[in-house]
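**Q** Chain by chain, the residues run as shown.
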Amino acid sequence: MSEIQEQLRRRVAELLREGTVDLFIGYADASVPLKSSVHVARSAQDAEALVWNACCTSNLAALLPDLLKRPSGFRGEWTPPRVGVVAKGCVSRSIVGLIKAHQIPRDAMYIIGVSCGGMVDRHRASRLLGPAELVEAEFLKGDRLRLRATNGLEREVDLAEVLLGGCRECGHHNAVLADESIGDPIPPDDDIARFADVQAFAERPIEERWQSFQEEVSRCIRCYACREACPNCYCTECFAQETAPQWIGVTTDLSDLMLFHIGRAFHQAGRCVDCGACVAACPQGIDLRLLNQKVNHDVKSLFGGDVGASLDEPEPLMRFEMTDDEGFMTEP
Amino acid sequence: MNELILGKTDLATFLSTLARERRLIAPLDDRTGASFGVVGDVAKVRLDYRNTSLSAKGVVFPQTETLLAFRDGGGTERIPEAPETVLFGVRPCDARSLTMLDKVFRWDGTEDPYYLERRGRTTVVALACNEPGPTCFCTSVGGSPGDETGADVLATDLGDALLLRAVTDRGEVLLRGAGDAARPAAAAAAAKARELAAKAEGRLTPVTIPTDAEGLVEAFEADVWSDLALGCLGCGACTYSCPTCHCFDITDEGRKGAGRRVRSWDTCSFPLFTLHSSGHNPRPTKGARLRQRILHKFSYCPENFGEAFCVGCGRCIVNCPSGIDIRRILERLVETTSKAGGSV
Chain A
1 MSEIQEQLRR RVAELLREGT VDLFIGYADA SVPLKSSVHV ARSAQDAEAL VWNACCTSNL
61 AALLPDLLKR PSGFRGEWTP PRVGVVAKGC VSRSIVGLIK AHQIPRDAMY IIGVSCGGMV
121 DRHRASRLLG PAELVEAEFL KGDRLRLRAT NGLEREVDLA EVLLGGCREC GHHNAVLADE
181 SIGDPIPPDD DIARFADVQA FAERPIEERW QSFQEEVSRC IRCYACREAC PNCYCTECFA
241 QETAPQWIGV TTDLSDLMLF HIGRAFHQAG RCVDCGACVA ACPQGIDLRL LNQKVNHDVK
301 SLFGGDVGAS LDEPEPLMRF EMTDDEGFMT EP
Chain B
1001 MNELILGKTD LATFLSTLAR ERRLIAPLDD RTGASFGVVG DVAKVRLDYR NTSLSAKGVV
1061 FPQTETLLAF RDGGGTERIP EAPETVLFGV RPCDARSLTM LDKVFRWDGT EDPYYLERRG
1121 RTTVVALACN EPGPTCFCTS VGGSPGDETG ADVLATDLGD ALLLRAVTDR GEVLLRGAGD
1181 AARPAAAAAA AKARELAAKA EGRLTPVTIP TDAEGLVEAF EADVWSDLAL GCLGCGACTY
1241 SCPTCHCFDI TDEGRKGAGR RVRSWDTCSF PLFTLHSSGH NPRPTKGARL RQRILHKFSY
1301 CPENFGEAFC VGCGRCIVNC PSGIDIRRIL ERLVETTSKA GGSV
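Just so you know, the sequences run in chain order A and B. This note's numbering puts the first residue of the first sequence at 1, with every later residue one more than the last. This note's numbering puts the first residue of the second sequence at 1001, with every later residue one more than the last.
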């Protein structure tokens, strides 16, 4: 990890110095254990703060449209800045999706690909400590993590035990689109059951699933951290906040919360790369992944293909064949 | 005022007595650490938490509330009939934040009956902090780990017992009706509580807070805002978990022949917050919205209410998905305003 970090800092400093990019988006340390902050470097000196570790959960692709699109009200010819970005596998797939959706121009970006072994789910790690709270976390050799709690309790765990759900089932460790890459590529693990979690959930009785869904969404405070952390949520006006017509209420009544989360999951169909940024962003620790994975599983089994896998192939829901199943149509 | 000592083994009895005639709200186990909830089983109340992920403001200012309901042309206003409530175990920062909300909801002759009804029936038992966290900075914004502001009773964890000190008449009444579990405290207990508070205070890292109101206004047009907001996602995790943020929206929800008027939390982080129906938005960028959040707390509130609306609980730091740290923002502002010739 630290070797990748060193190389990254060096390369970003060079890119900024030679003017290849105007700014570079990456990660820096945060004030809270097992978190990182979004870091925007504008000078070679800024590049010194960049980090690369297992806490880099944000999907940086979510920040790109704002930086690259013509600002509303801007008059004259818009030249986007040259933006550099560090991209793990999922982030690069989101970038591919955004390029295809005409949200960001490919040639305004300089992408440094990094291979990624997975990111830590801080809520999952905290839960290992029981009721005590996490105050410090330290990465040890051999992919081990030492957690220290408020009551002095210490625990050492394998990184694999506390990874985000999406990282445990990841099929794209390396960037699929990059101008250069840092670190050795991580070979795909063919044995991984990519939808194991959602399939296990699907086997539970319907009452239990319904109960669990309600419990999860009832924790929601409508802060929209999940939406804002998601590269796919680039709508200028979200259905959840539209007022004419008002599709759903703005309250924290259970019906509004359920509608918001179901609506958001459906809007992700064929576009979610299971990066886990929404899970990491949620201040309430809601298992946002489950619904998304249900939709991902349906898309995969009905239409095949991999979301954001390459610039050349159309996305799963952006192509059609004359032989497509039309079983869902009820009227001619 | 009255000072009592309560053995930890008697805590459950004490809480049960409180809960007999009142609704008891206290920190309970949660996947985010601890969160405030209505207590069913007093054995589940936690004292060993640093702070809750969300503040306790929802007890007096719920995220969603129906202001009035209408049906077939007639409407009724719904002033809540709040139950007598004990808010047990809030940290001193949160207790203090309630005094700030009080100023907003009773301001300049205008009273908010919805808030005041709940607030008037809430007795606050604060729990002093012996172990402040790395994101705490209460002493830099006028609070302290043993602060009594906003509390009716201040409790201090002495290890095997709690020292309960009545701060207000209301707290006095609460303790008087709390049964025999708590006994009069010896002077040594109070001395130990003071010692713990001082020790906790010493563990906090001071933050430089911009106090130069004019300098801050000068900084309104500074480039620093867009720079600080670069990583901001524009979500409401900071403001919704903040104990002093109090902005709300009022919407009407109608069906055929019936409907209701609802008040719900809103936040200056959302573009929709200031979007005009014409399409014009006076705060069009994330920088402008971040500036509003910071200046509201550190410039407009001092002007309107005589104090900055930040209690240093650190929740916005813990909950920000982008790892934005308000302490670093404040330090940058002090730098900017001093450069601009301010007297900070």
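The set of hints was computed from the structure by calculation and includes no laboratory data. Watch out, some of these pointers could steer you wrong.
[To be verified] Straight-line C-alpha distance at most 30 Å; calculated DSS-like pairs for lysine-lysine:
(1) B:LYS1044 / B:LYS1008
(2) A:LYS100 / B:LYS1297
(3) B:LYS1297 / B:LYS1286
(4) B:LYS1297 / B:LYS1103
(5) A:LYS69 / B:LYS1103
(6) B:LYS1297 / B:LYS1044
[Unchecked claim] Facing chain B, from chain A, some residues (calculated, C-beta under 7 Å):
(7) SER31
(8) LYS35
(9) ILE248
(10) VAL250
(11) LEU254
(12) SER255
(13) HIS267
(14) ALA269
Glycine included, each C-beta is placed from N, C-alpha and C at the ideal position.
**Q** Each hint should be assessed against the structure and marked as holding or not.
**A** Tested hints:
1. B:LYS1044 / B:LYS1008: Holds. B:LYS1044 to B:LYS1008 sits at ~13 Å (cutoff 30 Å).
2. A:LYS100 / B:LYS1297: violated (42 Å)
3. B:LYS1297 / B:LYS1286: holds (17 Å)
4. B:LYS1297 / B:LYS1103: Holds, because 14 Å separates the two Cα atoms, which is no more than 30 Å.
5. A:LYS69 / B:LYS1103: violated (42 Å)
6. B:LYS1297 / B:LYS1044: Violated. B:LYS1297 to B:LYS1044 sits at ~35 Å, over the 30 Å cutoff.
7. SER31: The hint holds - A:SER31 has a Cβ within 7 Å of chain B, the shortest such distance being about 5 Å.
8. LYS35: Hint holds; A:LYS35 Cβ to chain B Cβ min 5 Å, cut 7 Å.
9. ILE248: violated (10 Å)
10. VAL250: holds (5 Å)
11. LEU254: violated (11 Å)
12. SER255: The hint is violated - A:SER255 has no Cβ within 7 Å of chain B, the shortest such distance being about 11 Å.
13. HIS267: violated (17 Å)
14. ALA269: violated (23 Å)
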